[in-house]
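Student: Now for the letters of each chain:
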Amino acid sequence: MSSNGTNSADHKYRWVGTRPIRHDGVDKVTGKANFGADLAFPDMLWGKLLRSPHAHANIKRIDFTKALKLDGVKSIVTSADLPELASAEVEGGEGGGNFRDLSHNVLARGKVLYHGHAVAAVAATSQEIADQALALIEVDYEPLPVVLSIDEAIAPGAPILHPDLTTKGLKGSGRTNVAARVTFGKGDAAKGFAQADVVVERTYKTQTVHQGYIEPHAVVARTNADGQSIVWCCTQGAFTVRSLCAAVLGLEHSQLRVIPSEIGGGFGGKTTVYTEPLAVLLSRKTGRPVKMVMSREDVFRATGPAGAAIVEVKLGAKRNGKLVAASSRLWYEAGAFPGSPVGAGAMTVFAAYDIADVAIEGFDVVCNKPKTAAYRAPGAPQAAFATEQALDELAEKLKLDPIDLRLMNAAKEGTQAPYGAKFNRVGFIETLEAAKKHPHYKAPLGPNQGRGVAAGFWFNVGMMSSADVHLTEDGGATVITGNPDIGGSRASMAICVAEELGIDVTRVRPIVGDTETAGYCDLTGGSRVTFATGLACIEASRDIVRQLRERAAKTWGCDVAQVDFVDGRCLPTKASGLDHLPLTVAEIAQHMAKTGGPLNGQAQVNPRGAGPGFSTHLCDVEIDPETGRVDVIRYTAIQDAGRAVHPSYVEGQMQGGASQGIGWALHEEYVFSKSGVLENAGFLDYRMPVASDLPMIDTVVIEVPNPGHPYGVRGVGETPIVAPLAAVANAVKHASGVRMTELPISPPRMLAALMAR
Amino acid sequence: MVVVPPALRALTGAERVTLAARDVRGLLRALEARYPGFGATLGPRFAVAIDGDIRNDADYDPLAEETEVTFLPPLAGG
Chain R
1 MSSNGTNSAD HKYRWVGTRP IRHDGVDKVT GKANFGADLA FPDMLWGKLL
51 RSPHAHANIK RIDFTKALKL DGVKSIVTSA DLPELASAEV EGGEGGGNFR
101 DLSHNVLARG KVLYHGHAVA AVAATSQEIA DQALALIEVD YEPLPVVLSI
151 DEAIAPGAPI LHPDLTTKGL KGSGRTNVAA RVTFGKGDAA KGFAQADVVV
201 ERTYKTQTVH QGYIEPHAVV ARTNADGQSI VWCCTQGAFT VRSLCAAVLG
251 LEHSQLRVIP SEIGGGFGGK TTVYTEPLAV LLSRKTGRPV KMVMSREDVF
301 RATGPAGAAI VEVKLGAKRN GKLVAASSRL WYEAGAFPGS PVGAGAMTVF
351 AAYDIADVAI EGFDVVCNKP KTAAYRAPGA PQAAFATEQA LDELAEKLKL
401 DPIDLRLMNA AKEGTQAPYG AKFNRVGFIE TLEAAKKHPH YKAPLGPNQG
451 RGVAAGFWFN VGMMSSADVH LTEDGGATVI TGNPDIGGSR ASMAICVAEE
501 LGIDVTRVRP IVGDTETAGY CDLTGGSRVT FATGLACIEA SRDIVRQLRE
551 RAAKTWGCDV AQVDFVDGRC LPTKASGLDH LPLTVAEIAQ HMAKTGGPLN
601 GQAQVNPRGA GPGFSTHLCD VEIDPETGRV DVIRYTAIQD AGRAVHPSYV
651 EGQMQGGASQ GIGWALHEEY VFSKSGVLEN AGFLDYRMPV ASDLPMIDTV
701 VIEVPNPGHP YGVRGVGETP IVAPLAAVAN AVKHASGVRM TELPISPPRM
751 LAALMAR
Chain C
758 MVVVPPALRA LTGAERVTLA ARDVRGLLRA LEARYPGFGA TLGPRFAVAI
808 DGDIRNDADY DPLAEETEVT FLPPLAGG
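From first to last, the protein sequence lines are chains R and C. All residue numbers for the first sequence refer to this note's numbering, where the first residue is 1 and numbers rise by one. All residue numbers for the second sequence refer to this note's numbering, where the first residue is 758 and numbers rise by one.
The shape of chain R in the complex, shown without the other chains (with noise of 0.2 angstroms):
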């Protein structure tokens, strides 16, 4: 270890890259893990939203007097219940955002702006009188033309979601649907189109997608007498939860405590509220538990998709190979209120790779959809989809292979992004130099089958975490953090204690804890939780280390400095001369008392140094040339994970981000009426890939230590999802001749194609 506590990089480990049983793992297959829905009380009273059958209409009133005379009704709110709140950009990354915006999408006020937005809440004693309520609740809309695609939102002319909205980042935009322009870049991109010998020049669209996660948003909320409020529900960051609320009710954060159930999946569609607030208004009106619990239906209507997108691309390069010059221009629906991840598309549509000369400008554009929220690598894939293509159409004009061309312009330390930051150490080239060696890249295809390639790159952040670690009497462990575990994190943490400590790991219980039990912690998202709470796992391990130092030493008598901590063992240093047996973890603590009480280490961080991901994927299909269906026949998911802390963990992330990016690839999109109603609201019509469609997603770790953490971990989640979608679609190109421009390449649109060659 050097000095400040970094791990070399041929450090030997005991536990991490190890693969043990996760510790939740045995609830979890034998159905005693509590999820959102689970919980209920005695007296509880369910709550029911009333939503817009209208996708863009003023509400002109809302009159609920015959639901509240409805036997067991026993509140009603609206968005007059809520505090009206200022319009005004909060700071702050995931936390932050316009309160009003959101508030307003909570319950609508004045408007509503997609077809389900919420208009009115109730709370009765069963679920069928709360439904009887919502159909005695009259409203008078007067219905607004709509906007449903970036083209409607852009045209002149086009219906105004929000008449106060202008172009932030453009002067004089006047009216308009688009809520931001952003611009990144470096040198001058017309010069170096100029000398560039070829260039590719596309227009690449994607639809809007849903994460999919397979538990549908539950809350229950319960209000003592004391007024503080108590909540119960999925989701993947209960501090997040609790300032949101608070914002959203004009509460005192101290006022709510927000305990996170077990979630069952959440990819970024559960980083903000909903019903929460509103199961906690309706609990702080009637005095009793109210419990809401979305169906599927209301998930597809009323949560946050990615939205869809339109990204131009123009590549310039040598006839060697060489990028010497790239634009974007990226337009990303945010849905019904501004905040598209088009500034992380823009980011990202050329980041992986060093060019001299960039210009990109980016739109965020709002229209009658339901407000997007993230998923995984936001705004990144829509991105790669379109820059991952043309890169393989440049490589077809230059007869180069397609690793080849993007080894000869892969981004590697020193490289400076088109957002002006430059790469420490990271390991795009081994991804792809691991590719290209791959017994896959080489397999043999047969006839309608095709080869795509396709890389991927996400930021990965670190922001705060907060971690306490307890020694038992018996020298195991208790490690709290305040992240709800969706990918395995509670191992992960078990894991870096264990390592610290020297102690088996199976003796380490992770636990997650809630606003009130757990040391502030920003939500699981962002690829943060192994890298950020990891650390602050080690943190606060190694502050029980030196205590465990200096009860060796008051043990022995002697100087903490002559006290050395090695494989969980306190031993004398080599420089002491002393000649002490070791004391192990368990020795010392079970004399705690005798040496100074209990054995806690805590630590907060809030860390620089979350290493970038990277990654590159290929891809086989086959074409039914008779129905235009694509079946993906073999996949590799190749990856630096920086050091993967439990390996099965990072694979099953790289297999879990492919299948969603073959899925948003080849078959789904919703699907919206002419008037905006979202016609494919389930499973049966919105169509995800099931393990039947996809062939085993085989997994290659590389490990490019990141500088910026002790064992070199970089975050995991998200850079997997970024290069399917091209992947995808190269592979169509290779089978077909095609060059499949728009998401999905669904039967219909791919037969169409085949018949227009």
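These are computed hints drawn from the structure, not numbers from a lab. Remember, predicted model here, so these are calculated numbers, not experimental data. Ideal Cβ positions, reconstructed from N, Cα and C, are used throughout, including at glycine. Do not take every clue at face value.
From chain R, some residues computed to sit far from chain C (all C-beta separations above 12 angstroms) [what the hints assert, rightly or not]:
id : residue
1  : Gly5
2  : Leu39
3  : Pro53
4  : Ile62
5  : Ser254
6  : Glu396
7  : Leu398
8  : Lys554
9  : Asp567
10 : Ala603
11 : Pro695
12 : Met696
13 : Lys733
14 : Ala753
15 : Leu754
Below, a sample of chain R positions facing chain C; criterion: calculated Cβ distance under 7 angstroms [unchecked claim]:
id : residue
16 : Ala421
17 : Phe459
18 : Gly526
19 : Ser527
Which chain C residues stay away from chain R? Per the calculated CB distances, all over 12 angstroms, these [unchecked claim]:
id : residue
20 : Thr775
21 : Ala777
22 : Ala778
23 : Arg779
24 : Gly783
25 : Arg786
26 : Ala790
27 : Arg791
28 : Tyr792
29 : Glu822
With chain R fixed as given, assemble chain C onto it according to the hints.
Tutor: Only chain C this time, still in chain R's reference frame:
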């Protein structure tokens, strides 16, 4: 050294500018003093990349003489 985002280059007149500051907060003050309107154009929500490391909250992060800084939209994740 500051790598200036395109939206702010109209103010600075250059892609890169060099200023002395002990931390990010001091750098922003210096930028505002030299290029009035820099802070308003940047807005309240931004991330900072310091020698390539991106952070959403870096007001008090120390800066060395050779440090390279750029300003970005705040990063989120899924």
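Student: All the hints need checking, so say for each whether the structure fits it.
Tutor: Comparing the hints with the structure gives:
no., hint, in the structure
1, Gly5, "17 angstroms, holds"
2, Leu39, "26 angstroms, holds"
3, Pro53, "30 angstroms, holds"
4, Ile62, "34 angstroms, holds"
5, Ser254, "22 angstroms, holds"
6, Glu396, "32 angstroms, holds"
7, Leu398, "29 angstroms, holds"
8, Lys554, "37 angstroms, holds"
9, Asp567, "32 angstroms, holds"
10, Ala603, "18 angstroms, holds"
11, Pro695, "25 angstroms, holds"
12, Met696, "25 angstroms, holds"
13, Lys733, "28 angstroms, holds"
14, Ala753, "31 angstroms, holds"
15, Leu754, "34 angstroms, holds"
16, Ala421, "4 angstroms, holds"
17, Phe459, "6 angstroms, holds"
18, Gly526, "3 angstroms, holds"
19, Ser527, "6 angstroms, holds"
20, Thr775, "15 angstroms, holds"
21, Ala777, "19 angstroms, holds"
22, Ala778, "17 angstroms, holds"
23, Arg779, "17 angstroms, holds"
24, Gly783, "18 angstroms, holds"
25, Arg786, "17 angstroms, holds"
26, Ala790, "21 angstroms, holds"
27, Arg791, "18 angstroms, holds"
28, Tyr792, "16 angstroms, holds"
29, Glu822, "17 angstroms, holds"
Consistency note: the structure conflicts with none of the earlier hints.
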